[in-house]
Amino acid sequence: MTQASTTPAQPEKLTRSGFLRRWLGGLSLALVAGLAGATSWKSKRKTQVWQLDPHKCVHCGNCEHACVLKPSAVKAVHAYVLCGYCKLCGGYHHPQAKNLDTAAESQLCPTGAIKRTFIEDPFYEYTIIEEKCIGCGVCVKGCSQFGNGSLFLQVRHDRCVNCNDCAIARVCPVQAFRLVPADEPYLLKGV
Amino acid sequence: MTKKTMSILTVAAGLALTMLLIQRLRQLAPRPAAPSSNPRIAAYEEQTGAFMQVDPELILYHETAALRPPGLATVTAVATDDEHRIYAGGGRQLVVMDRTGTELRRMTFTAAVTCLATDPQNNLYVGLGNQVESYKVDGALRTRFTGIRQEALITSLAADGEVVFAADAADRKVMRFSADGVLQLTIDGRENAGGPGFSVPSPYFDVFLGQGRTLWVVNPGRQRLEEYNYDGEHIGGWEDAPGLQLENFCGCCNPSHAARLSDGAIVTSEKGIARIKIYTRRGAFTGVVAAPGMFDSQILSLDLAVDAHDRILVTDPARVKIRIFELINYTDNHNE
Ligand code: SF4
Ligand code: SF4
Ligand code: SF4
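Chains A and B supply the protein sequences, listed in that same order. Take my numbering: the last position of the first sequence gets the number 191, and nothing is skipped along the way. Take my numbering: the last position of the second sequence gets the number 336, and nothing is skipped along the way.
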């Protein structure tokens, strides 16, 4: 962590090591930023909020439809620290993809919510475009089966209305949902 | 890359691989299948499931034994020697068995066993994260290897009695040692200075000896095998073969393990879709040893060893067994 904070700003051409420095500097920065405003009022209101444990989640797909919100308050998150930056990404590429490219038919995500960026041969970075993500968990399933499990789902507390009885928790087949302290509302992987 | 960048990359990669190793060990037990009412998930499972079906005509081997190493809670590393002893490692334990699975000896280490190998004199080499130790056939310690980085993660060993190769997944390099454990040189897989070298996204980085003093290195992030001479010069290899199709290697880090048969053919294992296959030395797919349906989970670390009769020994961490496969009918279709 110390190394990252003393590292100079990113060069224009990003390298894999640059991305690793980025995560050293702060995993899931976007997540935390999105939180800052939204959770502060919520934490005043409630001391506990719903979250899903990504180590228990079996990516059944219920998170997409069971939430009272449309689209769901659950979205994919990427733990760069665990990512292999692979050319063939189980979370990005469709199982039947003919080419390892960014063509629509090569992508697994139904909404095109994952951006693939070339870093240096043979490394690619994968970024969730949050506003497009519907929390279906297909990418999480692919990444867990064929990759390092760096993609995972989280209830986003900038969206979640924190129902007394979370509608997804009721149908989650592996009881991955639980109440967590409102001031630590995320259960992240890779930290 | 600057030295500082390299060191950050190396520390970061080592840390990430260690976390992944812990994560993978957690995943060794099969997880309950979830009912999938989401059509997207159901479609994905159907699409990937299609790649798990194997034409029975392509299956060249059958399982002839499944040995449970006594006292092991998991099994993640296997080796065998000329006397048909089987070495099974899991956690900090190693059990030496005869061919029937009867325990001959047991060893306990200070760190988890990450890989095993033997040499033609039946000396044993044990990878223990960032250490390598070698033992005589009676279990007496021969030497502890020197020159290995603290951050190393040794995932594979290969030994011919004169030299020992150790794959370091954290540093993405292969080290060559003398038989008494002195570091001689390092192979980084960079054909040209500044080239990318080996791509190792997760803690799977395998090596094995070829015929005529050559070393094969799995380049898992590129889904291919590369052949080197003992001085680390690239002398050949396979084309990149990414994909879920049977003849390709699925996922971002496959094949996870590989070994050589006596005729030069190569056996590989994969994670993501658990399957074991045979290729010619030049990388042409010839058949299947074990299809995905033979495993209780598709995310398994299937370490491989080949014995003196070309029987293929496979670790099955879900069942905590060494499973043994033999050729059903001899064919010469993998004779190159
Ligand atoms: S309902 Fe549970 S298992 Fe299914 S995707 Fe959501 S958290 Fe994961
Ligand atoms: S596949 Fe589903 S969960 Fe993953 S990024 Fe796309 S919409 Fe989100
Ligand atoms: S608490 Fe309500 S809004 Fe939040 S994830 Fe559960 S169902 Fe959705």
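Don't read these hints as lab results, they were simulated from the structure. This one's a predicted model, so the numbers in the text were calculated from it and none came from an experiment. It cannot be assumed that every hint is accurate.
Derived lysine to aspartate or glutamate pairs resembling DMTMM-like cross-links, with alpha carbons at most 25 Å apart [said to hold, decoys possible]:
(1) A:K98 with B:E46
(2) A:K56 with B:D307
(3) B:K136 with B:E162
(4) A:K98 with B:D160
(5) A:K56 with A:D183
(6) A:K115 with B:E45
(7) A:K115 with B:D240
(8) B:K136 with B:E103
(9) A:K56 with B:D240
(10) A:K132 with B:D55
(11) A:K115 with A:E105
(12) B:K136 with B:E83
(13) A:K98 with A:D53
(14) A:K56 with B:E45
(15) A:K98 with B:D307
(16) B:K321 with B:D82
(17) A:K70 with A:D101
(18) B:K136 with B:D240
(19) B:K136 with B:D180
(20) A:K98 with B:D240
(21) A:K98 with B:D55
(22) A:K46 with A:D165
(23) A:K98 with B:E133
(24) B:K321 with B:D138
Each hint, compared with the structure:
no., hint, result
1, A:K98 with B:E46, "holds, 17 Å"
2, A:K56 with B:D307, "violated, 39 Å"
3, B:K136 with B:E162, "holds, 15 Å"
4, A:K98 with B:D160, "violated, 41 Å"
5, A:K56 with A:D183, "holds, 22 Å"
6, A:K115 with B:E45, "holds, 23 Å"
7, A:K115 with B:D240, "holds, 24 Å"
8, B:K136 with B:E103, "holds, 17 Å"
9, A:K56 with B:D240, "violated, 34 Å"
10, A:K132 with B:D55, "violated, 40 Å"
11, A:K115 with A:E105, "holds, 14 Å"
12, B:K136 with B:E83, "holds, 14 Å"
13, A:K98 with A:D53, "violated, 34 Å"
14, A:K56 with B:E45, "holds, 19 Å"
15, A:K98 with B:D307, "violated, 38 Å"
16, B:K321 with B:D82, "holds, 21 Å"
17, A:K70 with A:D101, "violated, 30 Å"
18, B:K136 with B:D240, "violated, 39 Å"
19, B:K136 with B:D180, "holds, 12 Å"
20, A:K98 with B:D240, "holds, 14 Å"
21, A:K98 with B:D55, "holds, 22 Å"
22, A:K46 with A:D165, "holds, 13 Å"
23, A:K98 with B:E133, "violated, 45 Å"
24, B:K321 with B:D138, "holds, 24 Å"
Going down the numbered hints, you'll see the structure goes against 2, 4, 9, 10, 13, 15, 17, 18 and 23, while the others check out.
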